[in-house]
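Letter by letter, the chains look like this.
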Amino acid sequence: MYEIVTKRELAANIYLIEVAAEDVAKKAKPGQFVILRLNEKGERVPLTIAGLDLENGTVAVAFHAVGRSTKKLAKMKEGDSIHDLVGPLGNPTEIAKFGRILCVAGGVWCAPLRFIVQALRDKGNEIVIVAAGRTKDTLVFEKELKELSDEFYVATDDGSKGHKGLDFLKDLLKTQKFDHAMAMGQVVLLQTVTEITRAHNLKTMVTLASIMVDGMGMCGACRVTVAGETKFACMDGPEFDGHQVDFEELIRRQRVYLPEERMASMLYEKLGGMKRG
Amino acid sequence: MDREKRKHETPMAKQDVLERIHNFYEVALGYTEEQAMREAQRCLQCPNPHCVEGCPVEIDIPAFIKEIKEGNFLAASVKLKEKNSLPAICGRVCPQENQCQVLCVLGKMGDPVAIGRLERFAADYERMKGVTVPPKQESSVTGRVAVVGSGPAGLTAAADLVKLGYEVVMFEALHAAGGVLMYGIPEFRMPKKVVQAEVDYIRKLGVEVKTNYMIGRIYTIDELFESGFDAVFVGSGAGLPRFMRVPGENLGGVYSANEFLIRVNLMKAYLFPEYDTPIRLGKKVAVIGGGNVAMDSARSALRLGAEEVLIVYRRSKEELPARHEEVENAEAEGIKFMFLTNPVRFLGDESGWVKGIECIKMRLGEPDDSGRRRPLPIEGSEFIMDVDTVVIAIGQTPNPIIQRTTKGLETTRWGTIVAKDETGQTTKKGVYAGGDVVSGAATVISAMGAGKRAARSIHEYIMSKKGA
Ligand SMILES: Cc1cc2nc3c(=O)[nH]c(=O)nc-3n(C[C@H](O)[C@H](O)[C@H](O)COP(=O)(O)OP(=O)(O)OC[C@H]3O[C@@H](n4cnc5c(N)ncnc54)[C@H](O)[C@@H]3O)c2cc1C
Ligand SMILES: Cc1cc2nc3c(=O)[nH]c(=O)nc-3n(C[C@H](O)[C@H](O)[C@H](O)COP(=O)(O)OP(=O)(O)OC[C@H]3O[C@@H](n4cnc5c(N)ncnc54)[C@H](O)[C@@H]3O)c2cc1C
Ligand code: SF4
Ligand code: SF4
Ligand code: FES
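Chains as they are written, first to last, in our numbering: chain A, 1 to 277; chain B, 1 to 468.
Honestly, I wouldn't trust all of these hints.
Unchecked claim - Far from chain A by the CB rule (all over 12 Å, computed), these chain B residues:
{"#": "1", "residue": "22"}
{"#": "2", "residue": "163"}
{"#": "3", "residue": "217"}
{"#": "4", "residue": "223"}
{"#": "5", "residue": "267"}
{"#": "6", "residue": "276"}
{"#": "7", "residue": "278"}
{"#": "8", "residue": "302"}
{"#": "9", "residue": "348"}
What the hints assert, rightly or not - Covered stretches of chain A, as calculated for chain B (at least 3 residues, CB under 8 Å):
{"#": "10", "stretch": "16 to 27"}
{"#": "11", "stretch": "62 to 68"}
{"#": "12", "stretch": "139 to 145"}
{"#": "13", "stretch": "161 to 175"}
{"#": "14", "stretch": "209 to 219"}
{"#": "15", "stretch": "225 to 237"}
To be verified - Ranges between beta-carbon positions, derived for each pair:
{"#": "16", "chain 1": "A", "residue 1": "137", "chain 2": "B", "residue 2": "442", "range": "52 to 60 Å"}
{"#": "17", "chain 1": "B", "residue 1": "379", "chain 2": "A", "residue 2": "251", "range": "35 to 43 Å"}
{"#": "18", "chain 1": "A", "residue 1": "150", "chain 2": "B", "residue 2": "442", "range": "50 to 58 Å"}
{"#": "19", "chain 1": "A", "residue 1": "143", "chain 2": "B", "residue 2": "442", "range": "39 to 47 Å"}
Simulated from the structure, these hints should not be mistaken for lab results. For every residue, glycine included, the Cβ atom is placed at its ideal position computed from N, Cα and C.
Construct the complete structure from the given sequences, taking the supplied hints into account.
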């Protein structure tokens, strides 16, 4: 059992929790993820590590309550326990001296980005951050990211704050030279960013959140096509060179469980929510 | 083995076909006390029993059968557990027909004693009555051993080492211990409560079981030594699914058998939405492959409500590697077989879901390395078959993470760890390995045998290291 030590609402339906998992905290690195199973009947939910507290032996993750499992997690309180937590999984982000780095993250993904950027900064990189969101209400950690960056931009799909959409990146890339880029978030965001950076031959690492079951290379649910080859996101990734990823296939594969997810979420809201918790 | 010859064997009741295809309860129901005693009567109590030579964990077969014959069922179980810590499991899934039973003297007539069924009976009897754990023996040995993986190989090594007096910590990456027995073999063949009871027994013997620890990610093998372990046993299994590498394989609705079986067994998708993990299945399911994994996938698909389930196998019926009994069960349940057929690509609909397979007919040529006749495609024989779910069950290769993260551990080009058969010793000092990670996908009992032999040599290694 893994206790939720702290819980904080970062934005509407976006939460940051710190979970007691001392052994994991000691070994985890930025860019890796954990898998949670809330209770004995729960599914395995992958979440990216958003911070570590070595003194208290906790691992932080931020999540957007979008479906049955994450909504259930959002209902849990400080002091409640999560049945299983395994990690660290996946390969860490490459933390090296690149030079000037463009980092784009959407919504909840700003939280793990913050953890990665801290490490990249310590290596002496210059950091340009774009915090993106559907609306201004889905932005998290703006202040913190701004402090960590040399330049900071906000972009929203509806234009409620900062730039409207990511098109401004095209101009940014014309006026500035970057040595490395990374993007985390919804697949459309990854796709948009990589299309823009492709024109400048700017290598862009993207974090692929494909559907996962075990997260340890045993099921192949997470398979993605990268440079024409089948890769397992959990073992070979989750970060890949965005210019090599077959995004169309990834989008199709992510939709596979949509009907079941909707049903589960609806059932949960209608009847399960109170009873099962 | 030929059914007709086995006229003296006591039959074992099964759940009725028409019922069992709608549930996940166990198919084989086991012997009653009378049936077990009757079957035990048949054993000749050979003074020089050949059956024992066929058992990789060296069970004293005539001795345990004698106890059943005399009605001492608990004593029979105790006798079994002297050598085998997982009798309820072996009695169910051991390929007895190629192990102990093939060497039984009565087996020469094609009608051996049903050793596996008797083993299952004794173990189940004890579980019903409440399992007794032998008191911890006084032991002068000291030392700590890490066991990586909690499948049959790891469980056996751990049990034997803890009985010798070592402190044993078993690390399992998944949230449940038991390996393939938990995540692969379906409930209707290997009830999960039976597996958990055997894992519990190992725990009660004193093994510390740490689930949610993926070695290679959280600790490397070298870090295990640094933290004070004297030796490491690696039993991480063969869980990496093989794909066919043909077009369309990443379409929705194309599963690896592992994904399919993990969703169904470990995550209990058959109880969705009570359990949170879904499985999406169409009406017509094709399973590619011919081993136990293919049979289990097909029979699971049927129970999940598929209207038609086909097994597509590139060789002929004679070459099917699955246990004979399981093929019979599958046939009885209405699974159809397409032999000498191989997929060349998968076709998808506009939403990216699989809607068909293009197959090619095969013929059998000369025998290959495995001694089986090599299947060859018949040119121009391609045809298209409509299906809406595909499960690929063409084999697994070893989980690679430990091999990738351990310096000095030699591997083969198939990704298996190089280890001596008799001792399990690898090319790295203090590291032993056994089971599927060494042999490639094999059987429960061979993994257990390897765990047993490795435990013995780990004991010798630590004793000599400590100068005893
Ligand atoms: C390696 C990896 C790392 C991940 N890290 C994070 C993380 O740090 N924070 C986080 O919030 N999520 C993260 N995810 C996604 C997260 O695992 C899923 O959001 C979660 O499993 C959803 O489970 P559910 O039962 O609540 O929703 P489901 O019922 O499974 O999904 C509900 C709906 O939400 C959609 N959806 C799924 N993921 C997201 C998402 N991230 N944002 C918006 N919509 C989504 C689904 O397509 C579906 O329509 C990660 C996924 C992977 C594979
Ligand atoms: C569907 C199916 C049906 C089968 N049917 C039969 C049958 O009827 N009869 C028979 O004899 N055999 C059968 N087999 C084969 C048999 O199950 C295997 O040969 C046997 O389980 C191998 O045992 P093992 O201990 O080597 O590995 P496994 O049982 O595979 O166990 C390995 C364990 O190690 C864990 N692990 C892997 N990597 C790590 C890591 N890095 N850190 C920590 N833990 C790790 C895995 O999660 C797993 O739990 C079947 C196999 C399958 C898949
Ligand atoms: S463990 Fe297997 S081989 Fe050994 S006696 Fe039992 S059924 Fe036979
Ligand atoms: S060989 Fe057959 S008859 Fe002889 S002891 Fe073994 S089981 Fe009994
Ligand atoms: S999630 Fe199962 S192989 Fe990656």
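Structure-based check of all given hints:
no.	hint	verdict
1	22	21 Å, holds
2	163	27 Å, holds
3	217	6 Å, violated
4	223	9 Å, violated
5	267	6 Å, violated
6	276	4 Å, violated
7	278	4 Å, violated
8	302	20 Å, holds
9	348	9 Å, violated
10	16 to 27	holds (count 3)
11	62 to 68	violated (count 1)
12	139 to 145	violated (count 0)
13	161 to 175	violated (count 0)
14	209 to 219	holds (count 6)
15	225 to 237	holds (count 3)
16	137/A with 442/B: 52 to 60 Å	56 Å, holds
17	379/B with 251/A: 35 to 43 Å	37 Å, holds
18	150/A with 442/B: 50 to 58 Å	57 Å, holds
19	143/A with 442/B: 39 to 47 Å	57 Å, violated
Figure legend: structure checked against the earlier numbered hints; hints not met, in rising order: 3, 4, 5, 6, 7, 9, 11, 12, 13 and 19.
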